[in-house]
Amino acid sequence: MNNRKFMVRKAAVLGAGVMGAQIAAHLVNANVETLLFELPAEQGGPNANVIKAIENLKKQDPAPLSMAAKAASIQPANYDQNLELLGDCDIVIEAIAERMDWKSELYKKVAPHLGEDTIFASNTSGLSINELAKSFPENLRHRFCGIHFFNPPRYMHLAELIPCKESDAAMLNDLEAFLVTCLGKGVIRAKDTPNFIANRIGVFSILATMHHADEFGLGFDVVDALTGTLIGRPKSATFRTADVVGLDVLAHVIATMRDTLPQDPWHRYYAVPDWLQALVDKGALGQKARRGIYQKMGKEIHVLDLAKGAYILSAGTAEDDIKELLKRKNLASQLGALRANSHPQAQFLWSIFRDLFHYCAVHLGAIADNARDLDFSMRWGFGWNQGPLEIWQAAGWSEIAGWINEDIAAGKSMSAVSLPEWVRELGQSASQAIDISIQGVHRTQGSFAPSNNTFRPRSTLPVYRRQLFPDRLLSERAQYGTTIFESDAVRMWHTGESGGNGSADDHIAILSFKSKMHTIGSDVLDGVQQAIDEAERNWRALVIWQTEPPFSAGANLQKATARLKGDEPPSAFSVLAKKIRKTAQSAVLKAARGLNLADALMAGKLAEIEAMVAQFQQTSQDLRYSMIPTVAAVDGLALGGGCEFIMHCDRAVATMESYIGLVEAGVGLLPAGGGCKELALRASRDAKDGDPFPLLKNYFQNVATAQLSKSAEQAKELGYLRAADPVVMNRHELLYVAKAQAIALAEAGYRPPLKARNISVAGSTGIANIKGMLVNMREGNFISDHDYLIGTRIAHVMCGGELTPGSVVDEDWFLELERAAFIELLATEKTQARVEHTLKTGKPLRN
Amino acid sequence: MTKQIQDAYIVAAVRTPVGKAPRGMFKTVRPDDMLAHVLKAALAQCEGLDHAAIDDVIAGCAMPEAEQGMNVARIALLLAGLPDSVPGMTVNRFCASGLQSVALAADRIRLGNADVIIAAGTESMSMVPMTGNKMSLDPAIFLRDEHVAIAYGMGITGEKVAQRWQVSREAQDEFAVTSHARALKAIETGEFEQEIAPYTVLEKRPDLVSHEVRDISSTRDTDEGPRPGTNAATLATLKPVFAANGSVTAGNSSQMSDGAGAVIVASEAALKRFNLTPIGRFLGYSVAGVPPEIMGIGPIKAIPKVLKQVGLKLDDLDWIELNEAFAAQSLAVIHDLGLNRAKVNPLGGAIALGHPLGATGAIRVATLLHGLRRHHRKYGMVTMCVGTGMGAAGVFEAL
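First to last, the protein sequences are chains C and U.
Using my numbering, the first residue of the first sequence is number -11, and each one after it goes up by one.
Using my numbering, the first residue of the second sequence is number 3, and each one after it goes up by one.
Just chain U, with the same shape it has in the complex (with noise of 0.2 Å):
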């Protein structure tokens, strides 16, 4: 391990279950209020600390606008309780803006400027859709063909790479019954008890006999998205919805969805000084940048290069949380960096369990400390490609 000027923990980290997305258990519970609901469960599992010294709240979220909007990040620290002396900002890179966040707040301690920091990510797919309410592109993007692929769908992209790559409808399906499986497993087995903070979702539905306002309360604890009887003779009979005759289909995709997850990041002064436990130690993180119209390999890019900033070798990792945001782009990373599909995404990933958007990186920060921490490994990445051509990747230590 090389030197850092001073060291970032993770002292706490939980998530909201996933919810599906635009129907599903938390389509009427808005996104600040879940981003508000992790940041108090955060908060709880760090009993010493002093809210007060909190340096600032910086959320994660892909479509900040509507009921994410106005920097939700701010608006959800005040519900959540925390004092007005506590800042808070959104950002967005897409699907890795939650773990964005836990580098900026890791990056801010490491540098010496801060002692505490909650990193987070919140997302409703149900109410802001994919490309926001009012998708509006620049005419010059069709002024130039290199320049079309902005406005490709993330659907086209994954039919691009699994073209190139040569991924097959079969190796997809197969990854994806993979990815259901392990996640009813680990969900049967209590693996997601740790990280999940449960949400009562309380709806106001009028009796429309009665003409009274009825409560509907229900508390939610399991993530929606794994569906029990998945298998290749299942998914073989959707259609592509991208292309005509093409590969991907909702099957082998990840699915759209509601949830939020929130980090708590500390230096070591701020460790003794609030007498916290450390759950993990950040170590590095690295994006990179693809054409556009192949946006699912991002991580290709961006894995080799947080490795050699960090001095680990791929060997060295015991877990890597790869964000499926297609099975194709997902094989295409594996096949190109050798990945051991036995350490990605051990759990299930975002085909089973779900991809809200800016949320899904502050999530699976939670699942991989968690999880290193429960099997005794240590060192362990999260990854995802990134809309428009990205890749990000994050390592953490558990301790």
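Just chain C, with the same shape it has in the complex (with noise of 0.2 Å):
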């Protein structure tokens, strides 16, 4: 195989579990054909169990699936009958339960049908690679190895790639490239120890979490006010997060690592506590079972206390004081004072960072094969903001290195055991005659291994020339290329020489907005004409991208006098399971933010406020006719302006978590940044017989109800995304991608395409059919009064106005009557009390 171009026509996955279903509905999600295997069920046909997990598919939150359509894709098998289809697969990934026996058995069934060149990887989470590799045929194992996906696979980033012995080290790059560019993972190669990295990092954590919390006395709900977004991990923490995957699950991994590691020096730590065990003895596993170490009870939380050993309504929250002090940006000053500090509260956290960092140092060598995938392993597996040793490493190495010691030998540290002597060497920089001017185990030449004392640069293989700017530790510097120029809200920018990987001169300008949230007021407006201005008359193409998602927020109608401050990057766990859900409310609020209007309403500057919004259009439509193609390269959220930006790009290059929509109804308003014209431009363009109403209307009800996209294919359907605009399954990679097609539109001969001249009109009678849905949900009072405006010119606006059906306009008439719109909406008591409402609150408002 080495020699030949490595592809994956087709894939399949052993055992249609939870995991197994959802890594056959990623394959599927990344266009990989997917065969599901399971046991052939006893009762409804040999398939009937297997079907019933991809039906299963469609039904689970966060969806596993892009599109639920795409359950149709994943073709189910049965061991009994379809053994011989293996034979077409270039990837078989077996997720079975966790039983060696069980998957032992497996393979010596499956083993005799694989395809010459067929990779074989066990997803697992706990057991020895080595070990599993020995029930595989000794001529076929240099074919085999683990792949740890973690739960939900969809949306979490990191995948442990550990090898076996004879793992031929060709096929592992040529299935790192497969998992990093077409299922989009985050890949950390893991050495075969128990629990490999992620989890043995996280689960001791965990177990260091209650062991301190006990000691410390703290409750679960206080531990997490804690262990959460003050520290820069999920919201969710320690425990709802033990709820969420599952208290079964948290004690069968504490259980493998009692069992597998004897000599470790914390072994005696590595035990399942009498609570959790009573939690999982009697069936409260969390989430699934709808109770663990929290339970909801009707709108309330409640948490289970220890000491009453019953439920009680949750209401431990961090003091003050420590919160306050965690607020400090310098790490060295913030772990210096909480352990410094003698409230509970602050041992109890400095305890766990010491531990933590204790740990880590003593075993990195054994499980990882250098310090920046011991880092990456917990910012992608566990949702982490930054990993341990960065951590210390900020904080000031010798510094915490001392501070470590000292709580050893005062017996303060849950283990005994020295660390190691590298760490004292890394902090005397002399030795290294190398950085002199940083200690710590992150350089500018690599990431420290110890095996081989040695600081590891980033893997070279090619698939990481298409990241041109991969996440950074906490020690790395942002070097997004070379200005062309900066404003307080744009930066146009090419990546030059410095820009990684990227061609110094392929003559592509980046613009990434400074914004908070990449939010577009009139000073984002002014930028992006003066950046198409620029690129017309010195660039081949214009990339829109952010440095960080989301895309954007959305329009920001107050005229941005100083530049906001205190902008938090989002956190590299943007994707978090809940957070999805939540994703479309948190929407509304976004848009409402970015509108940031209480003030221009004061002033009575509607005058203002209209002018802002022709800008607004005149931009768009500059996208579209400017002489050079724009692309616009979209991840996260694109809300309002950014979703109409992106329409009116030549093209987009989305990532799969691309959540697009045109929202502005949830606060009240309608879209009025080109929007509405572009959709009833479309559906003039692509009705079936002449009819632009049967796809208004569809256009009409996603924009009415403020539908957002849950993926970028699912924005295809919406119409936000056309179906030529690519779909990127990593967002390290879409720059790369953005490049590439504004370079192929380039070459292509761009020419801009001609304005559209005969749009055909909905009309009268489209507003007629359209007011005719309204009013019976007026009548019904799911909507009120006011949303029945805000409907009816919405209508008005994407049917072109009171004209006769069929009637031709060109684009100025729909944006004139955008503008007119949105102002009268926004002149309306009613749109400002719900702007103004979910400014305060965060919640839409019902007026």
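Read the hints as simulated data drawn from the structure, not as lab findings.
It cannot be assumed that every hint is accurate.
[Said to hold, decoys possible] Computed cross-link-like contacts, BS3-like style, restricted to lysine-lysine with a CA-CA straight-line distance of at most 27 Å: (1) U/LYS310 x C/LYS685; (2) U/LYS380 x U/LYS310; (3) U/LYS241 x C/LYS47; (4) C/LYS676 x U/LYS29; (5) C/LYS276 x U/LYS241; (6) U/LYS22 x C/LYS40; (7) U/LYS136 x C/LYS685; (8) U/LYS29 x C/LYS40; (9) U/LYS241 x C/LYS685; (10) C/LYS46 x U/LYS241; (11) C/LYS223 x C/LYS296; (12) C/LYS504 x C/LYS311; (13) C/LYS287 x C/LYS828; (14) C/LYS179 x C/LYS122; (15) U/LYS187 x U/LYS29; (16) C/LYS284 x C/LYS47; (17) C/LYS46 x U/LYS22; (18) U/LYS22 x U/LYS310; (19) C/LYS40 x U/LYS303; (20) C/LYS96 x C/LYS153; (21) C/LYS828 x C/LYS315; (22) U/LYS310 x C/LYS46; (23) C/LYS46 x C/LYS685; (24) C/LYS502 x C/LYS315; (25) U/LYS241 x U/LYS42; (26) U/LYS136 x U/LYS29; (27) U/LYS380 x C/LYS287; (28) C/LYS831 x C/LYS223; (29) C/LYS270 x C/LYS311; (30) C/LYS831 x U/LYS241; (31) C/LYS296 x C/LYS284; (32) C/LYS317 x C/LYS504; (33) U/LYS136 x C/LYS676; (34) U/LYS22 x U/LYS206; (35) C/LYS47 x U/LYS187; (36) U/LYS29 x C/LYS47; (37) C/LYS276 x C/LYS153.
Starting from the two chains in their separate frames, assemble the complex, guided by the hints.
Listed below in structure tokens is the structure:
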């Protein structure tokens, strides 16, 4: 296989349990033809079990599938009838229950049917890959390895790749490239040690948290208040995460560590606490059982109180001075202050960090190749903003090491084992003769690898050339190419020579917004127009790409006078399961925030706002009709005005996790940056038999109900992305692909499209038909009178006004209607109340 | 009884079983095919009848377009094998279309202008949705407030009736439970056997493995709508669909359905000439208009009107087939007119049996006449409310 180009035409997943089915779902998300195998069912036909598992994928939340329709592409199969189909599969992922004997038996059964070059990977979270390999025929072992996906596999970035002794190096590289580009994963090569890297560290962190919570007498809810966003970890923190994962699963991985790591200095902590065992025993397994450490009682959250042995209303919070202390930007001062503070919450936090650092240092060499792999595992697998070693380094390597040593000596740490010698050496900068200014594991030349005492650079596999700006460690500075021009609101730049792997002479200009949530105010509009102007004169194409998601939270109608301060970079865990569910609601909030209307309205600046809406429309039109190709590179939320920009660029490239929508109606407004115009234009252009209404009706419903796509694929269905817009699975490759699209458009001899001059409108009949829907909703009290007004105004604009159906208009006709309706709605008290309410409470107002 | 110019007799009344729409047993069956099927089945009951003597075929359909468009009556009668000389027309009075067909046929005969007419109805709500494939409202509707109700969906009118007549959710659900219970019992005791002409559904499906076309055939002889185990508790869990905090649910509304029915109407002369046995006599028919926003109360106006026309009192009626568009409007009608609930829909109604819009009238004439005869009763009525605010009622005598 070394000399052949590797490709995956077809894949198979063995085992249609939760993980297997979801891995299959993610494969079809990536357009990989996939077979899903399960044991033959006893009833309802041999594939009944697997068919049921595939059906379930459509119902799960967060959705494993980018579109429910993709479920049809997972082909059901069973081990009795279909093993010969494995011969056509380039990769087979085994994901059956974690039992060595079952896996071993299955390998014997399937091995004879595998194709000549088939890669066979076991998705296991705990079993030894080398032990598993023993059950695999010796002559095939070079194609065997482990892949550890994290649950849910669509959303969790990490995939640990674990070679067995015989795994072929070229095969592993091919597989890594597939996992990175095709499935969008962040791949970490892990050593074959129990629970690999992320779960080994993550489960220890939970155990340490439990231990110190007990020591300092803190309740579960207090611990969660302390160990969530305050310290850069997901909001679900420790115990709510455990509930989500499943307490039985947690108990299982703890047991794995207890059974397989007898020599570990922390072995005595590898035990399931009695209270946890009791919960598991009585079936309180967490979220899936509707009760675990927490329990939802109506709208209240109740938490288990160990002292009382009962669930009580959850009211635990972090102390205010502890919160203040954690706001300090300087990590050294933060950790020092925690250690020096005698408050139990402070001592607790210092202790969990100390023991985590201690544990990571002692085990780094055994479980991971280098420090960067450990840190990224925790970011990608557990959603931490930073890994433990980079925090330690940022806080001051030697000082922290000294404190750990003091605590070890004082018997405060969980284990008395000494820190490895290299910890001390890495604090003595001079001894390394390199990077004397930096102490710690992460240096400019790479991250520390204890096995050979060197600093390992990042992987040079060709696949990583596609990542122009990979995730950065805390110690690494952002270097985004060479500036072309920069204002307070935007920066136009090119990758140039410093831009990672970007070619200096591709002459593609990139525009990035600097505003909070990348909202679009008049200063951003000025910047976009200036960038188009500059690109027309000196560059081949313009790509709009943001250095962090979201793409844009929409228009900001406030005259931006001062830069908004206090930007916090969105967490790398921005796609955390729970967030997805709340995205739609928070989208409305963000839309409202983006508007920032209150001040402008107080001052009665409607005329000013109308001028800005006109500028917005002009900018959209410029994106469409400029003489250079424009490409929107979309990741994360793209709301309102952000969505309108996407619709006006010549091409969009979007990551799978793009949540795109025209959500203005959520705050009582309508899209007026060309969005309604664009939908009307498309409905006319794509109309069957000349009637734009059937398409318009769908577009109207999406706009009126502020629909937000749950994936890039779904955004195509909604009409916000076009069929030809590429979808990228790995957000780190987004800019690379967007630039490639820009180059392709430029190389094709780009000319802007001719202006649309013959848009056929649905007119008065279209408006009447929509009113027909709206009156029924109003009479049924599903919508208020004001909703009705908003709906009719959206209908009015999208149908081209009260015209005779079939009348032909141009784009300006629609743009004028957009402006007039936007200002009309904005001038109503009820819309103003909606915007204000949403800004204050974060929730939509019905009035 | 008032003296008529001439009497109109029913000599055959048949129907298909009724399937659930849009995903039921007849979801792939065309409404024109269903109509041809019931025409043939009705003719099969009149052995002596010379088909060339049929003066007309009148078919009701509420959404006469697409699969049931293009004058479906004429197309179906030709497909049923009737001679070219037999004409056909389609009539539309929404939910009263099937009954309207019978009335039109009977009136032509009563006037002496025809001797044999087949009246029928067909509707596939699976293939042609409730508002048709392309609803297009006149913008003028929204120019005046009093016209807006033209745009109301039927569900909203059901809610309006529930509010104004103060029909509680519990009463509606209880009515629905009775409908299902009566229908299930009727099926179990074979009440519908005489009227139903079993339909064989033939589907051609691809076998994607062998690449062969598979014929899948199944014969259907039982209504699909009645749901065993329907009780107040299960119905109470359903959410109102047409209004927030409303009371009309999928469980206490008529079901969307597919089906067809046909009735052969003949003059006294035709009875003798073709040696036909009458099963019933047509007595009269009335329609009346009401405000569109409370269309469900239509029968309150139509029933007294037809009773006056035929010279009968409410008490003279032994059996009333009151189409259960919604439990709310059914109960409003029952309440205002003081109908005896035991006589209303003794075999269940549209909430259980389904409501294939334009076919219902013809279907329920078959139910009424066969039922009256089996139970040795005399006078009966088929009545329903009609969209945009109308009511229709027809009176029959079993022979």
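Hint check:
Between U/LYS310 and C/LYS685, the direct Cα distance comes to roughly 48 Å. Violation of the 27 Å bound is thereby established for this hinted pair. Of the supplied pair hints, the one linking U/LYS380 and U/LYS310 holds, its CA atoms being roughly 18 Å apart against a limit of 27 Å. Distance hint between U/LYS241 and C/LYS47 is fulfilled; the C-alpha atoms sit about 20 Å from each other, no more than 27 Å. Among the hinted pairs, C/LYS676 with U/LYS29 is consistent with the structure: their alpha-carbon atoms are about 25 Å apart, no more than 27 Å.
Proximity of C/LYS276 to U/LYS241 is assessed by CA-CA distance (about 26 Å); at most 27 Å being required, the pair is judged to hold. Restraint check for U/LYS22 and C/LYS40: the C-alpha separation of about 25 Å stays at or below 27 Å, so the hint holds. Using a Cα cut-off of 27 Å, the hinted pair U/LYS136 and C/LYS685 holds, with the two alpha carbons roughly 11 Å apart. For the given pair, U/LYS29 sits about 24 Å from C/LYS40 by alpha-carbon distance, which is consistent with the 27 Å threshold.
With a CA separation close to 26 Å, the supplied pair U/LYS241 and C/LYS685 stays within the 27 Å bound. Taking the CA atoms of C/LYS46 and U/LYS241, the gap is about 23 Å. The hint holds against a cut of 27 Å. Between C/LYS223 and C/LYS296 the alpha-carbon distance is near 26 Å, which keeps this suggested pair within the 27 Å criterion. At most 27 Å may separate the alpha-carbon atoms for a hinted pair to count; C/LYS504 and C/LYS311 meet this at roughly 23 Å.
Pair hint C/LYS287 plus C/LYS828 holds up; C-alpha atoms about 21 Å apart against a cutoff of 27 Å. Pair hint C/LYS179 plus C/LYS122 holds up; C-alpha atoms about 17 Å apart against a cutoff of 27 Å. Between U/LYS187 and U/LYS29 the alpha-carbon distance is near 26 Å, which keeps this suggested pair within the 27 Å criterion. Between C/LYS284 and C/LYS47, the direct Cα distance comes to roughly 22 Å. Compliance with the 27 Å bound is thereby established for this hinted pair.
A threshold of 27 Å between alpha carbons decides the hint, and for C/LYS46 with U/LYS22 the separation of about 25 Å falls inside it, so the pair holds. The hinted pair formed by U/LYS22 and U/LYS310 fails the criterion: a straight-line CA distance of about 37 Å is larger than 27 Å. For a cut-off of 27 Å, the pair hint linking C/LYS40 to U/LYS303 is broken: about 53 Å separates their Cα positions. Of the pairs offered as hints, the one joining C/LYS96 and C/LYS153 holds, with about 19 Å between alpha carbons and a cut-off of 27 Å not exceeded.
About 23 Å separates the Cα atoms of C/LYS828 and C/LYS315, which keeps this hinted pair within 27 Å; it holds. The hinted pair formed by U/LYS310 and C/LYS46 fails the criterion: a straight-line CA distance of about 59 Å is larger than 27 Å. Taken as a hint, the C/LYS46 and C/LYS685 pair is honoured in the structure, with Cα atoms around 26 Å apart against an allowance of 27 Å. Pair hint C/LYS502 plus C/LYS315 holds up; C-alpha atoms about 23 Å apart against a cutoff of 27 Å.
For the proposed pair U/LYS241 and U/LYS42, the alpha carbon gap of about 42 Å is over 27 Å, so the pair is violated. Between the alpha carbons of U/LYS136 and U/LYS29 the distance comes to roughly 20 Å, so the proposed pair stays at or under 27 Å and holds. At roughly 60 Å between alpha-carbon atoms, U/LYS380 and C/LYS287 are farther apart than 27 Å, so this suggested pair is violated. In summary, the hint linking C/LYS831 to C/LYS223 is supported, as the alpha carbons are separated by about 19 Å, within the 27 Å threshold.
About 36 Å separates the Cα atoms of C/LYS270 and C/LYS311, which puts this hinted pair outside 27 Å; it is violated. The straight-line distance between the Cα atoms of C/LYS831 and U/LYS241 is roughly 24 Å, inside the 27 Å bound, and the hint therefore holds. Using a Cα cut-off of 27 Å, the hinted pair C/LYS296 and C/LYS284 holds, with the two alpha carbons roughly 18 Å apart. For a cut-off of 27 Å, the pair hint linking C/LYS317 to C/LYS504 stands: about 19 Å separates their Cα positions.
Only pairs whose Cα atoms come within 27 Å are accepted, and U/LYS136 paired with C/LYS676 is accepted, the gap being roughly 13 Å. Taking the CA atoms of U/LYS22 and U/LYS206, the gap is about 20 Å. The hint holds against a cut of 27 Å. With a C-alpha separation of about 37 Å, the suggested pair C/LYS47 and U/LYS187 falls outside the 27 Å cut-off, and the hint is violated. Restraint check for U/LYS29 and C/LYS47: satisfied, since their Cα atoms lie roughly 25 Å apart, inside the 27 Å limit.
Simply put, C/LYS276 and C/LYS153 have alpha-carbon atoms about 38 Å apart, too far for the 27 Å limit, and the pair is violated.
Violated hints, listed in ascending order, are 1, 18, 19, 22, 25, 27, 29, 35 and 37; each of the other numbered hints is respected by the structure.
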